[in-house]
Amino acid sequence: MSEMKTAAYICTGCGIGDKIDAGTLEKIAAKEGKMALVKRHEFLCGAAGVQMIRDDIDQEGVTHVMLAGCSRRAKSEAFDFPATATTRANLREGVLWVVAEGGEHDEIRQEMADDYVRMACAELKKMKVPAGNPATANNKRILVVGGGFSGMTAALAAADAGYQAVIVEKSGQLGGWAARTWKRVPAAMPYAEPQETGVAELIDRIVSHPKISVHLNATVAETRGAPGRFAVDVATESGAAHSEEVGAIIQASGFTPYDIARLPELGGGAPNVVDHAGLEALAIAADGGAIKRSDGAEVKSVVFVQCAGQRDDSGAHLPYCSGHCCATSIKQAMYFKNANPDVDTVVIYQDLRVPGMGEDFYRSAQNKGVIFTKGKATAVKAAGNGLRVDFRDLILDEDAAVEADLVVLATGQVANSGVDIELPDEDPAKAQKVSILNLAYRQGKDLPILKHGFNDSHFICFPYETRRTGIYASGPVRRPMDMQQAGEDAVGAALKAIQAVENASLGRAAHPRSGDLSFPNVRLEGCTQCKRCTVECPFGAIDEDEKRFPVFNESRCRRCGTCMGACPVRVISFENYNVDTVGSQIKCLDMPDEFSEKPRILILACENDAYPALDMAGLQRHVYSAFVRAIPVRCLGSVNMVWITDALNSGWDGIMLMGCKKGDDYQCHFVKGSEMAHYRMSKVDDTLQQLGLENERVVTHEVAITDNARCARLINDYVAQIMAIGLSPMKGFG
Amino acid sequence: MTGNIATNSTLLVVGGGISGMTAALEAAECGKEVVLVEKLPTLGGRTAHLYRYFPKMCHPTCGLEINLRRLKGNRRVRVLTMTEVVAVDGERGDYRVTLKIAPRYVKDNCTACGDCAEAISSEIANVYEYGLARTKAAYLPHVMAYPQRYVLDPSIIGTAEAEQAKAACKVGAIDLGMAEETVQLNVGSVIWATGWRPYDAARIQPYGYGRYRNVITSLEFERLADPRGPTGGKLLRPSDGREAKNIAFIQCAGSRDENHLRHCSRICCMASLKQTQYVGEAYPDGSGKSTIYYIDIRAIDRFEDFYQNVQADPGVSFIKSKVASIVEDKDGNPVLHGVDTEGYHRYATTHDLVVLAVGMEPEANSIRLPDSILTDSSGFIENSADGGMFGAGAAASPLDVNRAVQSATAAALRAIQVIHKTAATESTA
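Respectively, the protein sequence lines represent chains L and A.
Numbering-wise (the working numbering), the first sequence opens with residue 139 and increments by one.
Numbering-wise (the working numbering), the second sequence opens with residue 67 and increments by one.
Check the hints yourself; a few may be wrong.
[As the list claims (entries may be wrong)] Restricting the straight-line Cα-Cα distance to at most 25 Å, the calculated cross-link-like pairs of lysine-lysine (DSS-like) are: (1) L:Lys514 - A:Lys122; (2) A:Lys232 - L:Lys157; (3) L:Lys800 - A:Lys122; (4) A:Lys388 - L:Lys506; (5) L:Lys157 - A:Lys386; (6) L:Lys799 - A:Lys386.
[Stated by the list, open to error] Where chain L lies over chain A, by a calculated footprint (3+ residues, C-beta under 8 Å): (7) 165-178; (8) 349-358; (9) 364-375; (10) 395-409; (11) 442-452.
[To be verified] Label-pair restraints from in silico Cβ distances: (12) A:Arg412 - L:Ala454: 35 to 45 Å; (13) A:Gln377 - L:Ala325: 30 to 40 Å; (14) A:Glu324 - L:Glu375: 23 to 33 Å; (15) L:Glu560 - A:Asp437: 17 to 27 Å.
Hint data in this document are derived by calculation from the structure and do not stem from the laboratory.
Beta carbons: idealized from backbone N, C-alpha and C, even for Gly.
Produce the entire structure from the sequences given, and follow the hints as far as they go.
Shown next, in the form of structure tokens:
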């Protein structure tokens, strides 16, 4: 890499020049910031301003650019200099628009702008343009674990886009539950009749597709590596083992129907009581004719008990709804009605849940004479040659009963999600479960499991973002769903897998820092093998070697910097984001003395939500104190304790950390980063005590992106609090 | 933007809401060239108007911020706002698309400084606030608008106000001579992510929307609850600005009704359950009361937890009933009439405010789709006859955000399959 040549560009547009003295900023950039070139422009983002910068890059050899003007969130298209290290001093949204109007604020407004220029210059000199990882991984095959409807659909979707796919299916045939289904709920107009499943054709296409290979009676014995270079040992029942090299993995391991034997009060386990799968078997045997019970008797009356062992708040059964069961029971009731309209079909339901065009399917069933009764079944007992279903009629609010030859319990889907890696090893619940992926990862064998046993993820906007890069859960393993949704989900998962292999081959990060070429560098000679990075990485990206040194797998890494925040000896860094890029900003201030009545408050703000929230506070002109200085961080999890101690030692009077919501309903884009930061900061009191400082000098807030007025309020309240306890006695020792 | 930048390896995404942005970004992050067109002046779509999402009660703008950052950092996506598709000719793998670009009167060198808005006094209904507030006729659509550029409303063009706005712009970004443009592109595949619009509640005549000021839609209620909204997050009823404490939510307003929308719109039950929590948030002393009038509560799959929590909320009650009619009493309070089907008794209940959980109608019903697009009886896109165009998100089915994003991701791959096949055919030809 050629030598660094820095340049500072100070924009006076948007009123910046009216309120802030650009001459002072130029001097600071040149003298303190030691920028080789310093220029001023009245409209930097305009064509002439941008051309000036481009010319300096092309003709003057500028490699590092500091732009003082608007926020990093604004005008990013104009300031697009790919091979140049670039930073922004936020004078518009961060100073001009938030500092109160009036001459009495001129001095502190200017000081704020001065500091942001100092900080940007300090950061810039510590930055490098990420060169990218030369050791990219180029395998673009896609492994699909599970050969049911989801898995087959995903494999075909990938293969039809030109990528090779490998299916590993644990049973002896493809098709999963879908192959054991007589007909499916309609997925196209007119939504009136059960339709063919299409599974046989799907299997034919898989088997004859030149880009798809299939292992039957096979499971994944071990998965090593990372996106673009996974090595997967496939174990087959015969004992033969294959190793498959793949670039990404789709986990379509499906579901198991909830065991009806656990519902004895509803007749589970008794004769002539079946679940949906049991009824499908009877329907396949009847093949359009009269459906017969296992004893050969023709069914003349059937009752469907919805939510059997589901939506249960007692803790005994499944607490959730499986979503598909209402439509599935309607479909199965039609099997009877279509074969013989005289068969009595009763569906006992609490809420009939057929969203979208399912409503037409429901209407069609009503037209066929299927009876829907709002009620809750309490018991299913043998009665004569058949059964009696006792239920509470929820319309009449009275107990009622209905007799039937056959009872179908609409039980739920239980995810085949593997072992819960967050349970302790000796936990018996874990011992009973079989791993799906057998990941040779430091953090455990399977994808993390969320509520109710389903796999990642529960991001609303980013449903595919699991915590294991390049491994995507698809189908009912991640949310209960019907065939229609499983099909969509599988195609989406195939796209994400393709994206993962393409990213890995270019050394680029996946979501949410898509395209980021930086990756963590570790200076192993300084490492103390404390394992914090390997334990705290939200994505399981870091393994340990036999000497317990961390082994970074870049293509698993999402570049959040949580490892960097965790490292007590500060040996982990990114080329453009590291302990120095932030630390140098903290230490470069012109710190007023203890008696100045000008406190300095450091804000470390998550760049995903808190920093935009501050920015938009500016856009809406919510005034806040000019005593704060905000630094965006990739994630609060990347905040290293040394920044806190450096800030306190440098005389900062208070530190505010602003990150995303943690916990079950996390909003942290790196899932665990914010939680890690909160945990680390819960121990900051010891540090403060050692320095003889008050606990209030470091505070942590959860801030949402909409908290614009609230951010301003938090800042102003905190400044008042710091003024009340007095400025830091540490000034002048830094 | 000229015709020759796009090729039949380019993918066109119509609609810049969360589905369209997702489809465009997912394809672009697989290395594809994408043109994303949006009819309005900003990306973001319907979700950008929502205060919170169910079930996590997180903020839609949080995901929007990430998607905008992905977009800003990706040179493969070209965004055209104020743009509509007027014609699609050709066939799978080789479409010729005609676009109409409406004048914004503001060029891309706008810095969003706001001087033009300061300089004028004309106001227009604020579309972002569903008309619950007014905004200057030179405006930034909302605080997260992208592109972050002002717009001049056509109503002031030709007036002195427009000249004042132009004079106030220090960077010369206002061009009052801008006119509608028509451009043509070649693309290989088209994703229709045209989204949805709220069913016109005024057509549900017995509910009095439009006649009774205290009958509002669920979308308007989102804006009332948002601290950044027109009431600063206070639940003030439109008639008299009084705090609404006793609020009725009417489910299936337009949905599941063969006279209106025959489909179930899927999201409305969860949206109302979520909105009852806004009421709790607005009145921490517990003085807020929500009543949900429903047919079935469709809190599907993992949302059941949320329903159970709301059921346990003492401030929320449920009445199984399709409300027959609403009348207004002398104080402007809406009075709901109907029969509670659990026990079959009639009621006439007075509330401060009624929120209609309006259904999702495909926005595509208001535009002319190419003839080869097949839609279902409600107008949702099923597919295209030649297999080269796809519906995504709420254009394809009434979906919540999570499912819309899945659908859009799937649509992106289907479009890539078309482009790859075209490329393969050409390389062997």
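Hints, one by one, checked against the model:
| no. | hint | verdict |
| --- | --- | --- |
| 1 | L:Lys514 - A:Lys122 | 29 Å, violated |
| 2 | A:Lys232 - L:Lys157 | 23 Å, holds |
| 3 | L:Lys800 - A:Lys122 | 12 Å, holds |
| 4 | A:Lys388 - L:Lys506 | 24 Å, holds |
| 5 | L:Lys157 - A:Lys386 | 61 Å, violated |
| 6 | L:Lys799 - A:Lys386 | 36 Å, violated |
| 7 | 165-178 | holds (count 3) |
| 8 | 349-358 | violated (count 0) |
| 9 | 364-375 | holds (count 9) |
| 10 | 395-409 | holds (count 3) |
| 11 | 442-452 | holds (count 5) |
| 12 | A:Arg412 - L:Ala454: 35 to 45 Å | 39 Å, holds |
| 13 | A:Gln377 - L:Ala325: 30 to 40 Å | 32 Å, holds |
| 14 | A:Glu324 - L:Glu375: 23 to 33 Å | 54 Å, violated |
| 15 | L:Glu560 - A:Asp437: 17 to 27 Å | 54 Å, violated |
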